[in-house]
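Visitor: My request is simple: use the sequences and hints to build the entire structure.
Chains as they are written, first to last, in the working numbering: chain S, 1 to 312; chain H, 313 to 853.
The hints are simulated quantities; they were obtained by calculation from the structure and are not laboratory data.
It cannot be assumed that every hint is accurate.
[Said to hold, decoys possible] What follows is a list of derived Cβ distance ranges for each label pair:
#1 H:Ala552 - S:Thr308: 26 to 34 angstroms
#2 H:Glu842 - S:Arg50: 20 to 28 angstroms
#3 H:Leu553 - S:Val32: 35 to 43 angstroms
#4 S:Val32 - H:Val632: 25 to 33 angstroms
#5 S:Ala116 - H:Phe747: 50 to 58 angstroms
#6 S:Lys63 - H:Pro503: 28 to 36 angstroms
#7 S:Leu66 - H:Ala552: 56 to 64 angstroms
[Stated by the list, open to error] Away from chain S, derived, C-beta distances all over 10 angstroms, residues of chain H:
#8 Ser337
#9 Leu361
#10 Phe426
#11 Pro427
#12 Leu537
#13 Phe613
#14 Ala645
#15 Leu743
This structure is a prediction, so every number in the text was calculated from the model and none was measured.
Ideal Cβ positions, reconstructed from N, Cα and C, are used throughout, including at glycine.
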Amino acid sequence: MNATKGWILPAASDVAHRVDHLLFALFVVTGVTAIAIAIVIFVFCLRYRRSAQVDRSNAPANKRWLEYTWTLTPLAIFLAFFAWGAVVYAGFYGNAAGAMPVFVVGKQWMWRLEHANGRREIDQLHLPLGQKVRLVFATEDVIHSFYVPAFRIKQDAVPGRYTELTFTPTRLGTYDLHCSEYCGTDHARMGGQVVVMRPEDFARWLAGGGTRPTMAARGFETFRRLGCSGCHDSRGSVHAPDLNGIWHRVVHLQDGRTIVADEAYIRDSILLPKRDVVAGYEPIMPSFAGQVSEAEILDIIAYLKSTTPEPR
Amino acid sequence: MSAIAAPLPTVPRESFLTQGYTIGSWLGTRDHKRIAILYAISITLFFFLGGTAAAIIRLELMTPQGDVVSADTYNKLFTLHGVVMVWFFLIPSIPATLGNFLVPLMIGAKEVAFPKLNLLSWYIYVLGGIFTVAMLIAGGVDTGWTFYTPFSTMFSNTHVVLAAMGVFIVGFSSILTGLNFIVTIHRMRAPGMTWFRLPLFVWALYATSLILVLATPVLAMTLTLMVIERVLHVGIFDPALGGDPLLFQHLFWFYSHPAVYIMVLPAMGVVSELITCFARKRIFGYRFMCYAILGIAAFGFLVWGHHMFVSGQSVYAGMVFSMLSMLVAVPSAIKVFNWTATLYKGSIVFTAPMLYALGFVGLFTIGGMTGIYLATLAVDVHLTDTYFVIAHFHYIMVGGSVMAYLGGIHYWWPKVTGRRYSEAWGRVAALIIFFGFNLTFFPQYLLGYLGMPRRYHEYPPDLQVLNVLSSAGASILAVGYVLPLLYLGWSLFKGAPAGPNPWNARGLEWATDSPPPQENFREVPTVTQEPYAYDPEHPER
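Guide: Right, dumping it as structure tokens:
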């Protein structure tokens with residue numbers, strides 16, 4: 001169960017197969033074209049070398065139909081590849097319904113991963129075979145990029161925002177995980193393994209590692225410790241929105257916009273509370289930037305999510 | 313052709329080279345031809361500086377462990393390699409040397425429009441170079457040539473400001489060169505030299521100049537904002553200060569993608585001159601070639617976002633940039649087909665410049681086709697920031713631009729110096745470079761597909777074989793690059809006199825002495841026909 005075996009890269013996710021089909025098509029089309037061009041150049045060079053006695057009369061200096069042909073044919077082929085690539089790409093960010101969330105925080109020079117039940121890992125990610133996964137990325141410092149070649153997935157973790165990616169592991173095994181966006185001294189060492197397990201093994205693994213609070217429970221702790229609950233509670237003395245059941249609710253803002261309460265919105269509201277002020281409330285909340293880590297924000301989000309009844 | 317009747321050529325007694333022999337006569341010159349030589353010497357020094365950094369990088373990557381240099385040193389080496397090769401070699405390479413020398417000659421002018429600005433641009437280049445060397449001596453910079461924020465502004469402890477200053481300054485030399493060419497080509501063409509009688513080399517430099525003038529200021533502003541954030545902690549790019557890191561990437565690539573065309577358009581111009589001369593053919597589809605050049609320059613401004621498909625920009629932005637990137641590939645394909653068609657019914661000789669030109673067509677084709685892979689969204693997700701990208705852009709910039717630059721240097725060497733170089737050595741070097749280049753960079757496509765990220769000091773042991781092949785290729789490539797220094801240097805002193813037109817080439821630059829007199833032409837030439845008036849049935853004419 002090695003990561004890369006020699007010169008063959010395993011295809012270990014649904015995405016990997018789709019990308020490989022596309023790559024193979026590109027390889028065939030460009031390969032055939034390149035060889036054809038090479039043959040034509042070679043034949044011309046040989047046939048029309050200076051010492052060869054051949055007919056060189058009436059060589060054309062242009063042919064309109066030929067120009068149009070080799071303008072429009074590549075254009076059509078390129079646009080076909082564009083469309084194919086765009087469809088597969090859209091799938092990376094598309095339907096996350098039923099996906100198991102994993103939260104990924106990059107930090108010089110390690111990956112911290114957290115499962116919803118609170119199990120944390122560093123530089124290792126355990127995943128169940130055949131389960132759709134939604135990774136949510138954040139970073140504590142610079143830009144990092146989460147790259148698993150065997151899955152053909154890559155996504156930057158960008159300061160100041162969440163990014164995400166959806167895929168399904170389809171092959172048991174251990175695969176390399178790299179950081180692929182240059183991030184300083186130990187960039188090349190920032191990586192680890194992704195372990196794809198049978199679902200029953202994964203369930204056992206997820207439950208193991210001792211008792212610990214879930215992300216939501218930890219989030220609740222943080223929510224109280226930072227004093228959030230003092231205001232954002234139906235019994236609170238200060239006039240602030242009640243956050244019970246906020247998750248995925250449509251929020252009306254003071255400036256007339258509406259926004260869906262997702263991860264990015266909650267994160268922004270903690271760090272940049274003046275950006276999206278809820279209609280009917282004074283902008284009195286202080287920013288918690290610098291007082292709360294990315295991991296703690298993810299915990300708080302998990303807590304707020306848990307206060308919302310299961311959707312659909 | 314009778315060998316007896318033709319008098320042996322001699323080096324003319326009077327030429328631009330004989331107008332003063334003092335250092336001052338060079339450092340104070342306004343002659344575009346001498347400025348071209350000043351540039352050629354300076355960029356050659358930087359080429360070997362950048363090349364040395366690359367050599368150490370390849371040495372380090374011989375083994376999977378980081379055992380030659382430390383991780384920090386490695387990071388500084390690839391940054392130095394990128395900064396020096398992009399801004400101090402590739403961007404000025406063809407425009408500031410061959411372009412400076414040839415644009416006035418090719419259009420039948422005595423000078424560029426602004427000779428003093430031309431000299432100033434070289435001094436600005438040198439000043440930028442001094443900042444870069446000072447940065448190196450002070451201990452280097454470790455941000456990568458891309459200076460991505462917030463790493464460059466808030467996290468790196470190296471000499472980011474010095475490095476940015478060097479690049480900021482050298483940008484102004486690009487702008488002045490571009491400005492000079494635009495005005496020269498518009499205003500100073502000889503009688504009869506209409507737009508559609510211009511050699512494609514001039515067209516290519518005209519388009520390049522537009523990009524230089526329009527895009528370089530954006531780089532200057534971006535680097536200024538980056539330095540402001542780093543020094544004054546004004547939040548522009550760092551979200552901790554209220555900025556946006558993706559803004560930096562948009563601004564940076566708004567310059568740096570067009571910069572790719574700054575590097576490759578002049579190369580396309582050179583290759584059009586070489587192939588026509590050595591196939592004794594008119595260029596196939598001249599007008600389409602002109603439009604393709606302009607199309608590349610225009611569309612090149614609209615595709616920067618394809619560097620950011622995994623950066624977190626919106627999915628729809630990714631789709632728009634992917635589609636536009638496909639469009640910019642079309643004119644490149646047109647050019648390859650037209651060069652190929654030019655060979656048809658030609659009378660082809662395989663001189664050293666022709667070998668470089670044919671090498672360019674092959675390598676540029678591979679580089680361009682792998683660009684289609686990277687423009688295809690889902691495939692780019694896997695391949696971006698891996699060695700596949702490194703291989704792709706080295707096929708364009710080294711396999712393409714450097715091959716064409718060397719081809720041009722050989723082709724116009726007799727014109728510049730008045731002397732011939734050793735054709736046999738020239739061919740040997742061209743073949744060594746072609747072989748060494750492919751051995752260096754082809755394995756990197758495979759490494760990229762297998763998932764080796766770029767800028768890695770250490771890598772998984774499974775990938776060692778391909779890395780060793782690549783390093784072996786690099787050592788061959790190094791030999792190939794040193795060889796021309798030797799035989800061209802020899803030719804400078806001992807080469808046989810070339811005569812005004814040793815290749816029997818068309819083009820106004822060949823209608824004057826080699827080396828040309830200071831005023832370029834003894835009398836103003838008049839142009840009566842289209843360029844490339846070659847006849848393959850009578851190659852001697």
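Visitor: Beyond 10 angstroms from every chain S Cβ: check whether that's true for H:Ala645.
Guide: Given a closest Cβ separation of 4 angstroms, the condition is violated.
Visitor: Is the Cβ of H:Phe426 more than 10 angstroms away from each Cβ in chain S?
Guide: Holds, because the least Cβ-Cβ distance between H:Phe426 and chain S comes to about 36 angstroms, which exceeds 10 angstroms.
Visitor: Do the beta carbons of S:Val32 and H:Val632 sit within 25 to 33 angstroms of each other?
Guide: 29 angstroms, holds
Visitor: Is it true that the C-beta distance of H:Ala552 to S:Thr308 lies inside 26 to 34 angstroms, as the hint says?
Guide: 30 angstroms, holds
Visitor: Determine whether the Cβ-Cβ distance between H:Glu842 and S:Arg50 falls within the hinted range of 20 to 28 angstroms.
Guide: 23 angstroms, holds
Visitor: So does S:Leu66 sit 56 to 64 angstroms from H:Ala552, Cβ to Cβ?
Guide: 57 angstroms, holds
Visitor: 35 to 43 angstroms was suggested as the range; check whether the CB atoms of H:Leu553 and S:Val32 agree with it.
Guide: Check failed, 52 angstroms falls outside 35 to 43 angstroms.
Visitor: Minimum C-beta separation from H:Leu743 to chain S exceeding 10 angstroms: can you confirm that?
Guide: 14 angstroms, holds
Visitor: Taking C-beta pairs only, is H:Leu537 more than 10 angstroms away from all of chain S?
Guide: 17 angstroms, holds
Visitor: Please confirm whether H:Phe613 is truly not at the interface, meaning its C-beta sits more than 10 angstroms away from all C-beta atoms of chain S.
Guide: H:Phe613 is indeed farther than 10 angstroms from all Cβ atoms of chain S, at 19 angstroms.
Visitor: So does S:Ala116 sit 50 to 58 angstroms from H:Phe747, Cβ to Cβ?
Guide: 55 angstroms, holds
Visitor: Do the Cβ positions of S:Lys63 and H:Pro503 conform to the proposed distance bound of 28 to 36 angstroms?
Guide: 32 angstroms, holds
In summary, the structure is inconsistent with hints 3 and 14 from the numbered list given earlier, while agreeing with the others.
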